[in-house]
Every structure is written in structure tokens, then in C-alpha cells.
Amino acid sequence: MITSPNPLRVLILGAGSGIAQATARLYAAEGATVGLAGRNVERLAVIAADLKARGAAATESFDVDFTATDAAATLAGMVAKLGGLDHVILAYGVLGDQALADRDEAAAMAIIDVNFRSAAAWTLAVANLLERQGKGSLVVLGSVAGDRGRRSNYVYGAAKAGLAVLVQGISHRFRGVGPRAVIVKPGPTDTAMTAGMAKGGPMWVTPEAVAAVVRKAADSGGPVVYAPGRWWLIMAIIRNIPASIFNKMNF
Amino acid sequence: MNGFAPRDDIMPWSRTPRTRMEVARPAFPDELAPLAMQGADLPRGLLAGGLQRSYGDSCINDGGALIEMTGLDRFICFDRTSGLLEAEAGVSLAAILKLVIPAGFFLPVTPGTKFVTLGGAIANDVHGKNHHRAGTFGRWIRSLSLLRSDGREHTVSDDDASGLFAATIGGLGLTGIITRATLQLMPIASSNMAVETIPFGNLAEFFALSAVSDASHDYTVAWIDCLAKGDLLGRGIFTRARHASDGVLRVKPPGGPSIPIDAPGFLLNRFSIAAFNEVYFRLAGRARQSTMSYDPFFYPLDAIGNWNRMYGPRGFYQYQSVVPPEVAAEVTAEMLRAISDARQGSFLAVLKTFGDMTSPGLLSFPRRGTTLALDFANRGGPTLWLLDRLDAIVREAGGRLYPAKDGRLPPAMFRAGHPALDQFTTHLDPGMSSTFWRRMTP
Ligand SMILES: Cc1cc2nc3c(=O)[nH]c(=O)nc-3n(C[C@H](O)[C@H](O)[C@H](O)COP(=O)(O)OP(=O)(O)OC[C@H]3O[C@@H](n4cnc5c(N)ncnc54)[C@H](O)[C@@H]3O)c2cc1C
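Respectively, the protein sequence lines represent chains R and Y.
For any residue, its number in this note's numbering is found by taking its place in the first sequence, counting from 1, and adding 1340.
For any residue, its number in this note's numbering is found by taking its place in the second sequence, counting from 1, and adding 7.
Keep in mind the hints are simulated off the structure, nothing from the lab.
Just so you know, not all the hints are guaranteed correct.
List of simulated lysine-lysine pairs, BS3-like, C-alpha gap at most 25 Å [claimed, not checked]: (1) Lys105(Y) to Lys1392(R); (2) Lys259(Y) to Lys1392(R); (3) Lys1556(R) to Lys1392(R); (4) Lys1392(R) to Lys1421(R); (5) Lys1588(R) to Lys1475(R); (6) Lys259(Y) to Lys105(Y); (7) Lys105(Y) to Lys1556(R); (8) Lys1556(R) to Lys259(Y); (9) Lys1475(R) to Lys1421(R).
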């Protein structure tokens, strides 16, 4: 196995998600050092073994509840363990139950808490770190659901929309500073998060396809990247459908 | 946590029968035991599924539960020195090749498609073109872990005395869910193959070529012209190959036209047997030597996604038999005569000699002798009539059929061909079942 003398160090926040795992495999095949952060340590260990077999120079697992931890301090500890940091992928999130959120304020707040409040805290903590070191990439997983609210998932969509604006702002802030920040917006992806949904249509893509976009986004492009790219056009159209028509549509 | 949800879009590779199953696709090993116990409680029980590359009904469980294993596709450990690879059962052979080729290893045995899972390859104890050298896939499994529907996991190795290992290799998914396995890989110096194709004029020439080549080459196989009659009965093209020694270890086949003209993929693109013959005749006549990537050599059909759809809505039948060596020549001739009499040429007729390496599995298909694999468009009555006729010939000869390829295999024929069936049944997991198994044991 050829590993470069200075392997890339990447930290994946929410390493158990389907897209995160597919992305981690791409880094592992490059011989990167991969930090895996998430809440289920046994599962992280299973993922870590896979990445090592695939060629990762090293792996570190971090047992973290993202909503309940001080982002900046925890992040500093992780970076120390990894011996530095080049790329950060923020991949955690929950879809939640919109029907429940319509009636139940706590359920709605829980969706916003994970997908926006906590994600924003971690995004800002990473941004500050990358700014201090003057280099590195932050890729945040958003969603096309954040481009236009629709009744089936607008609380999730609103949180992802907020996150997208935050990352765009950081990207602006980074201009001329060195690091980069990108929000990747996947369309519907066939992962555990969407298990139980009918996946017949041509709109569904594999986590591997999204991972390829995420990996590339860490190196170039942005600050807003759709995965796959055709969603840029689809969402441009959807955003511009007048509400009088959009609200009659059933999706 | 993923649960079961009803689905009707999962079919065997022959695209028949259509099914409705409760399907779950776990992403982590810890999800398996609860799912297994839940699925086994359904009236028709549970089956583990791979990439559905089996042609018949042994990979479906109509009206019952199916756990799709493809989400459990992680490597656990790869020793780049010894070539031992431990992986979750849902990993595909394609993913394994991608990992191990750059490290100088190859699958010790591979079927004609790389889109099968490790678990599926074990459960059917698949064979390749090197059976005379390497035996079946199961021979290279050092140990496996099996989750039974009572929620308990057993790890058994190839020296297991309990019989569970032997029952699980080739056990059609009926002994439990294979969760992970350790496979001994084979070292290679190159990802290229040195390939030789030699036309032969009749069956006797095939057996002669096969005997010589099995002694000298790792891989041997022949394509047969099913429409030839009389003196030309059993003419075809013999292929023999070795791993090249030129030192390139590349996963992707190099650019350019690397698919050889005699690849069945090319033939399958032709929609009639007449066209098949045309191509065949252009090819026959001269022997050729070439070097090509492993990929078009082993997996010509993989280049055409969903080629199984070209047979249209009526689908097709695969038919693979093996008959003992003592009678192989005359029985194969009789089968070819029956096919050409019925004017039901097969696009893909493959003849191969199995060697004397016994399969570890109780129900494994391969045994010493000659195997003929055929592919018939479904023309209804006449096709079934021909298959019945072939059944009679194979059974009379003391041969057997391959359940993975056959959704029509009669129960009596299955029993006759698998004398270890009763021994196997003692290891059945009471929570597991399949459409095939219910058909065999009404
Ligand atoms: C183009 C083509 C060429 C082929 N060439 C060959 C060949 O040369 N030689 C050969 O032997 N076969 C060949 N086959 C058949 C194929 O290799 C086998 O059917 C293989 O077992 C399919 O694996 P799968 O992962 O798709 O499993 P499936 O077809 O989904 O399932 C096969 C069996 O394995 C069981 N199973 C799957 N996963 C597990 C698990 N984790 N635990 C327990 N049981 C499990 C299922 O219950 C079922 O009984 C070919 C098929 C095709 C389509």
C-alpha cells in the first residue's frame, strides 16, 4: 500500500451516516488519517476497521453527542489527537417527522436543534480553527430541501437553509484568508436516513455518488455545490415556481 | 434503526417470478439480530439476500421476509502479506477486487460476474473457470460467522466438526445469515491475463483439448455452437488462460477496445441465433493468443448492465448441469442433439470440465465431471418440454442441476442429485426459508 509521507488529516462529524461512510472510504483509499466522530462507538469501530483495511494511514474514533458538547473545546481535543487538520466534513443530521413537528413544538425544535443550532456551532468552531491555521477545507452537508419550503419537510428544510446561509457567509469571510468552506446540497439519497421511502424514481442517487461530489468539493469549487450537479438546474426552476402554482403541487 | 417494509421490486436475475416480500436493509451489524428474530417470526420465515444474481427462486422468499445484506459491505481486516481478507458478507466481489488487486491479490475463484456478494458466493459455493485447479469458492473460506434466527451468532472454521460449516457452504441461505467471512486470496503478479482461443470441430476434440489444457492452464472453458449437428456436433471455441506475469496491477481495464470479439456479451447483443452463428463462423478457423485485462476476461457480461432484460418480458431460462466423467462425452452429445433437434439454440452454451477437488459443502453443485450451462429464451411450452427432456438425460446419467441457475428444477431431480440432502436438513435454521425451499419440500 502506498501512503503519502504526509497523509491528509480529515475529521468526519457524524461518521455513521451513509454519505459520511462513502466519503470516508474515498479518503481511506488515498491513505488519509481519518477522525470519526459520532455517538455510537461500536459502530465507529466497525467503520474504522473498514477504513484501515482500505488503506487509511490511521483512524481515531471520537464519542460525541454534537448537540450536548462544547464544540470549540471538543474540536481542539480532536485536532490534538489527529495531529492537525486539513479537511472537515460535517455530515450529521436528522430528517425528523414533519407531521409530528406540525403539532408538537418540542419535535420541531429537536429537528432545528440538531440540523441548525448544533450544526451551526460546530461549523463556526471549525471555521475559527481553519481561519487561525490559514488553510484547510470545511464541507457541510446541506439539502435541496433547504432551497424551498414544502409541507412534507419544511422544518428540516428551514434548518438546512439556515445552515447553507451560514456556510456561504463563512466562505465569504474566508475570501483571501486561505481556507475554504462549501455547502453540498444532495438530492434524495438512498441511505439509512431515507429507509422505508419508495425509491423508484430517477431522482434517487447512491451515497457513493454524493461522496464523490463531497470529496471534490473539499478540493475545489463551491461555495454552493449540488450533488449530483443536475440539482442546480432543478432547484433553480423549483425556486422560481410562483407560490400560486407551487402550493397546489403535491410533493 | 431500519425495519422491514413491503417491496415488490426484488426479482431473481431471470426476472421471474415477481415477488412481494418484507424487506430490510441493515447498515450496521448490530441491527441484524433483532431483524433476524423479527423476520423469522413471519409465516414464511426469513432469507438473507445478496445482489440477486441467482437466476432462480433460491434467492427470493415470496410472502416472507428478506434481509438485503448489501448495506453490510465493510472490510474487517486485510493482511497484505498473507492475503487473508475478512469482510462483512454483503461486500461485492467487485469491491474486493478493487481493494486487493493493487496489493497483488486476486479472488481464488470467481463466477462470471463480479456483482455478487461474499455471502451469496458462499451460499451457492460458486465455481469459476479454474475449478480443475482451485475447486469451489468455499474451499477458500477459512472461517465464517453465522447468525441463526434465534439471535445467536456462531463462528465456524473450515475444520469445524459440527457440520455447520459444511452445511452453510452451498447451503442456499437456509442455515442462517452469514454475517462475515475470512477468505484466502490468491497472489498474482499482474492484473492481465494471457489468453488463448482455439476453435475445435467436435465434442471429442473438446475433451482432448480440455484434458491437455487443464494440466497446463489455470483457466479453461469452451463456448459451444448449439445448432451444429452430425459430425460437427459440439464444435466450438476453447479458451484457456493464465494470469500474466508482466507486473501491471491495475483495477480498471485499460482504455480502448478490450472486450474480445468472442465475448458472450457481444453475442448477447445480437438478438437472434442466426446472428450468433454468423459471428461464430467469422471467429472459427484460427487460433489466437492475446493479453487482456482480467475484467473482460472474467466478466464480459458485466459491461452490459441489465443484459437480462434483453429477453423481454417473457424472460429466459438458465440451465446448468454436471454429469460424471465416465459418461460425460456421450451424455453431453445426447444433450446437444436434443437441443439442436428442438431447434432451441442457446445464445450462451458453456462447456467446462470440473476437476477432482471436492467441494466442502453438503449441497454444493460442482462435482467431478463435465458441466454444460445453457441459456434459453422462454418460448413457453416448447422450451419447458426441452428442459424436461434434458432433465431426463441428466438424471439418467447420475448428474445434477445447479439451483442458483434454475427456478424450475423439479424437486425429485434436486433430491436425486443431492444425496447429502438429509444430512443437510439437520442443520436447517427453522426460521429461514425461501421460495425455492418451499417448492422442494412441499
Ligand atoms: C452473468 C452471471 C454469471 C454467473 N456465472 C457464474 C459462474 O460462473 N459460476 C457460478 O457458480 N455461478 C455463476 N453465477 C451465479 C452467481 O454467481 C450466484 O448465483 C451467486 O451466488 C449470486 O450471489 P448474490 O450475491 O447475487 O446472491 P443472491 O442471488 O442474492 O443469493 C444467492 C443465495 O445466497 C444466499 N445468501 C446471500 N447472502 C447471504 C448471506 N449473507 N447469508 C446467507 N445466505 C446468503 C441467498 O439466500 C441465496 O440462497 C452467475 C450469475 C450471473 C448473473
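Verification of the hints:
1. For the hint linking Lys105(Y) to Lys1392(R), the alpha-carbon distance of about 15 Å falls within 25 Å, and the restraint holds.
2. Distance check on the hinted pair: Lys259(Y) and Lys1392(R) sit about 22 Å apart at the alpha-carbon level, within 25 Å; holds.
3. Distance restraint check for Lys1556(R) and Lys1392(R): the Cα-Cα separation of roughly 22 Å lies within the 25 Å cut-off, and the hinted pair is therefore satisfied.
4. Taking the CA atoms of Lys1392(R) and Lys1421(R), the gap is about 17 Å. The hint holds against a cut of 25 Å.
5. Proposed proximity of Lys1588(R) and Lys1475(R) is contradicted: the alpha carbons are some 47 Å apart, above 25 Å.
6. Simply put, Lys259(Y) and Lys105(Y) have alpha-carbon atoms about 9 Å apart, close enough for the 25 Å limit, and the pair holds.
7. For a cut-off of 25 Å, the pair hint linking Lys105(Y) to Lys1556(R) stands: about 20 Å separates their Cα positions.
8. Simply put, Lys1556(R) and Lys259(Y) have alpha-carbon atoms about 20 Å apart, close enough for the 25 Å limit, and the pair holds.
9. At most 25 Å may separate the alpha-carbon atoms for a hinted pair to count; Lys1475(R) and Lys1421(R) meet this at roughly 19 Å.
Taken one by one, the earlier hints fail for this structure only at number 5.
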